[in-house]
Amino acid sequence: MTMASTVSQFLDDHSVSYRVIPHAHSATSRESAHAANVREDRVAKAILLRDSEGPVLAVIPASSSLDLRAVHDETGRNQLEMVPESELGRTFPDCELGALPPVGPAYGLTTLVDSSLGRCDTVYFESGDHEELVAMDGRDFDRLFSGCRHSDLSKDWP
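Following my numbering from start to finish, the sequence shown increments by one per residue and tops out at 169.
It is possible that part of the hints are untrue.
Label-pair distances were calculated between CB atoms; the ranges are [what the hints assert, rightly or not]:
1. Leu79 / Arg41: 17 to 23 Å
2. Ser126 / Gly100: 26 to 32 Å
3. Glu64 / Ser26: 29 to 35 Å
4. Gln20 / Arg160: 35 to 41 Å
5. His36 / Thr133: 20 to 26 Å
I should point out that these hints are in silico values taken from the structure, not numbers from a laboratory.
Backbone N, C-alpha and C define an ideal beta-carbon position, used for all residues, glycine too.
Start from the sequences, fold in the hints, and give me the full structure.
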């Protein structure tokens, strides 16, 4: 598979420069970082959450874990839970199961972005498959997410 059409259209519509980095098949964002020989803290991973109010996409560094308390503090929603992988295809129909791109606005999702990603010179993220990362300048990444809420959403792995 190649980059999800929704992702490529979103990037093209926003006129950002990017490159695609092929890598060996990987199951997680952390594995993708290693396979592509990039730092985990520069890979933006997406985590889809939902509650009775609907879905929320949290975007954090692959080197970290999601702090649900921080998500609650940011949204005021304390019933958000991770969407099971088996159900991700409903929201990301053009992506391989589990290869979530962080571009929530492209999929009509409320998106929260971890503040630490704004300090990266280059940001990498899943393209919608398990064998490619998208790489872009950090300023372009910030511009893509300018309409999203930014806060400290992650914590170091225990």
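* Please test the hint of 26 to 32 Å on the beta carbon pair from Ser126 and Gly100. => holds (30 Å)
* Could you see if the CB distance from Gln20 to Arg160 stays within 35 to 41 Å? => violated (23 Å)
* Take the C-beta atom of Glu64 and the C-beta atom of Ser26, compute their distance, and say whether it sits inside 29 to 35 Å. => holds (33 Å)
* To do: Could you tell me whether the CB distance from Leu79 to Arg41 stays inside 17 to 23 Å?
  => Given a distance of about 19 Å, which is inside 17 to 23 Å, the answer is holds.
* Asked: That 20 to 26 Å hint for His36 and Thr133 (C-beta), does it hold up?
  -> holds (23 Å)
Consistency note: the structure conflicts with earlier hint 4 alone.
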